[in-house]
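Asks: Chains as they are written, first to last, in the working numbering: chain A, 1 to 489; chain B, 1 to 470.
Among the hints, erroneous ones may be present.
[Said to hold, decoys possible] Distance condition first, Cα-Cα at most 30 Å in a straight line; then the derived DSBU-like pairs of lysine-lysine:
id, chain 1, residue 1, chain 2, residue 2
1, B, K147, B, K136
2, A, K158, B, K361
3, B, K82, B, K136
4, B, K82, B, K147
5, B, K361, B, K82
6, A, K21, B, K361
[Stated by the list, open to error] Not close to chain B: a few residues of chain A, all C-beta gaps over 12 Å, as computed:
id, residue
7, W9
8, F20
9, L30
10, S167
11, A205
12, Q323
13, E351
14, N358
15, T373
16, A407
17, T442
18, F443
It should be emphasised that the hints constitute simulated quantities derived from the structure, not laboratory data. Positions of the beta carbon are idealized from the N, C-alpha and C atoms, including for glycine.
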Amino acid sequence: MLTVLLLLWPVAAALLLHFFKGRAARVPALGAALVEFALAAYAALTFNANNVGQFSFNLNWIPSAGIHFAVGMDGLSLLLVLLTAVLVPVILLSAFRRNFENESVFYALVLFMQTGLVGVFTAQDAFLFYFMWEVALIPIYFLAGVWGGVNRARVTFKFFLYTIIGSLFMLAGFVYLYFQTGPAADGLSAHNSALPSFYALNLPAETQVWLFWLIFAAFAVKMPIFPFHTWQPDTYTEAPAPATMLLSGIMLKMGIYGCMRWLLPVVPMGVDYWQNLILILAIIGIIYGAIIAIRQQDVKRLIAYSSLSHVGLMIAGVFSLTQMGLQGAAIQMLAHGVNVVGMFFIADAIERRTGTRNIADLGGLTRKAPVLTVCFLVLLLGTVALPLTNGFVGEFLLLAGVYQFNAWMGAVAGVTIILGAVYLLRMFQRVMLGPDSSFTETFTDLTGSELALLVPLIVLVFWIGLFPNTFLHLSEGSVMGILNEVVKR
Amino acid sequence: MNSIILLSVLGLGNLFLGFRRSNRLLLPVMMLILGLVLTVNFLDWGTSESFFNGMLTIDNFSVAFTGIVLLTALVLIPFSQKYVLDGEANLAEYYSLLLFSLVGAIMLVSYNHLLMLFLGIEILSVAMYVLAGSDKRNLRSNEAALKYFLMGAFFTGILLFGMALVYGATGTFVLSEISFAVQNPAPGFESLKPMLYIGMLLMFIGMGFKVSAAPFHFWTPDVYEGTPTFFAAFMSTVVKTAGFAAFLKLLVQAFPAANAQGIWLPTLTAMCVLTLLIGNVGAVAQTSIKRMLAYSSISHAGYLLIALVAYNGQLEGASANGILFYSLAYSVATVAAFGVVKLVADARQREDYNGLNGLAKTNPLLAFSLTVSMLSLAGIPLTGGFFGKFFIFSAAVENGYIGLVVFAVVMSMVSIYYYLRPIISMYMRDTDADTAEAVPVTTFQAGALLLLAALTVLLGVLPGLVAGAL
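Let the hints inform the model, and build the full structure from the sequences given.
Replies: Given below as structure tokens:
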């Protein structure tokens, strides 16, 4: 029941938000997001890590087709629901800094998207998963398209087309799987689309080999993995900062989560067949993203490419099919969500003050804004994976997982840390240090409310870095469960 | 049957109201009539009764489809409010013609005898010929009426010729007896087979024209463009729903036999592929929204044809349910789309995409409503259109038509392009000189638009309400 509440509350709040106009919508929107956070925190506190599939709810959604509104949470779902619940208030707060037109609609769309995201992370039925997958897409399309930059119409159109075509392939795969299942438990229909029924299918290897690509298409675009990433930098750059945070902080985790929950255990032999190729693509993505990031002049674009590079490592970890790799991906999803949202927030804070995102135009912020510099540095070191920060735990586990699978691949993937340090420190040096530029002469430091927004993120950077077990412990059961499903066949 | 009697009698009564020249009265009366008939219609749910010596059967199938066409008409009526406000002289006649054409639609979804099929099509079409030309001083409307009438009369002739040949081969007009005669050939039937097959093909051509399936679709864009938008909406929803129900009945009840399927299966599959291709690719190239909607209506005929190809034996199967859900979702979305286009075109005298620029700023409700409708037509989840496509595609996959479904999915990817264009215009482009002013919308119309959007979302969130009803 708690899961249903987590799902329905944001959408209900989004609807109610229409009674507030303009700035008056800020407090109720933030309030709604904080209530959602409280619910998620309550779920985390009462969660029993030894037991999978809690807070379940099952409703016969389309009885004639055996499709159920089945939701529930295991440790992995819970982690991502928590991440969503933490980041959405932060994202809303950051949106308050910009005086958008039709504010209330903007916040309503963010909350509406939260429902889709929580739905994706908790769905236990294939068609419900697909449904929520698209529910999350519609609001972000409008967020990026209506409030975005000059090229928004063209860029978001490409984004929408890419993702929807990918997910239609996934739907086709699910429909195929659906017709392989047995009757629903209630006997009302000849097939059913429950997650356990998909796990129980024993499809021949040659079927799994092509089925893999149908399902993976949706995840590949969403994450995105090289070479399906071409929509990403443009969209991240054109979208308004809060939408970019949603895209990079939470939405890309949908793809990784999808792989872990709906790909590995469903077509394990297909995964086995394509494992090397996916790992190679992921590693190409790591290097490619990092090298392009080094050459970027635009702060937002640089973070976008760095995100591409980091996601590559997470994909590699997942497809290494080792416990360390999957656990690393789980914790790195949290860490990356926190870091990238913080980085985009700081990029946005700089842009709001100076009106430019161009690295060449900036410089000397340290002297003007010491607090901002410290915050930026902490998040940056988290992204670079310095020990004691959150990035270190995730990247270490991920690299260990990849290394376990193949030492050479592990070694190449390890370059990500070096290259990451290169492009991030290079950016830090040019933006924060060095002489003032005409843009930064009147630069002011972070305001109290901006700092209040960054503090929880910085706390999380250290919390995950120092006590990773709080979170690893939660996801361990689910990761073992997924690996058992994979190895069983 | 009650609905047929009520509609005919009240339609006549409505004509007499016209003498009072009181347009203000007509609109509520019309809503009342349709609401009443809609309620009465569902009293027949769960029963099965035959009339006119078995020529008409009212069962769940016909009640369900009658419900859709009546509901469509009911939610469409608010968009005729401009006629009322402008003091249109012939409004009572238009309304009565609509009511009469609904009688034809009901006959189409409940016929049991080819004569009734023919009568139904004619009652429906003759009213539409008149309404297409109802904007008497507009040349394009005249052109539309003439084109529709000439082509329609021609194809009615072909349909009738087909019926005659089928009668010649089987000796009966009754659906179940045709099926019996085809399955249990009498001596000498072999030599009559070509006659039966040609008769079937001619009938399919006639039906294909009515539902605007390619290659008999050429009239659609021109007629829709010229016809007053209000009636074009009626054409693309009621006529299509009734036409497909009739088509399904014909296939299931008259030609289910394997040797007949050998003829119609490839024919329909070819028509289906062609319709999907022409509808979707044609819509991409349009600059007028009305023409885009015309091509979109062709493409939706293609999706519905998939359900016909994939039907598996009984009238109450997955195909019929798929067509039922799809028609409902499609009708609701199309009425909203035409409604918004009509309101915008009436105010701005523009029917191109740029006429919608910045609509989200001037009329958020219209923009929202058109967005929901476009997403539904494109088959994006959270809207009824998604589950419509989902049910039809899964019926087809279940019966092994995977290639056809793959093609249809590719085509619906294409369709996202042209359904997103109005959304982009409304939300992502700024107003220009023509579009700076808000479009006037009455509360009544706003209510209707909200209702339509709510219905679309309801169908997309709780599809179980309608799915599997048959």
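Asks: Of all the hints given earlier, name the ones this structure violates by number, lowest first.
Replies: 10
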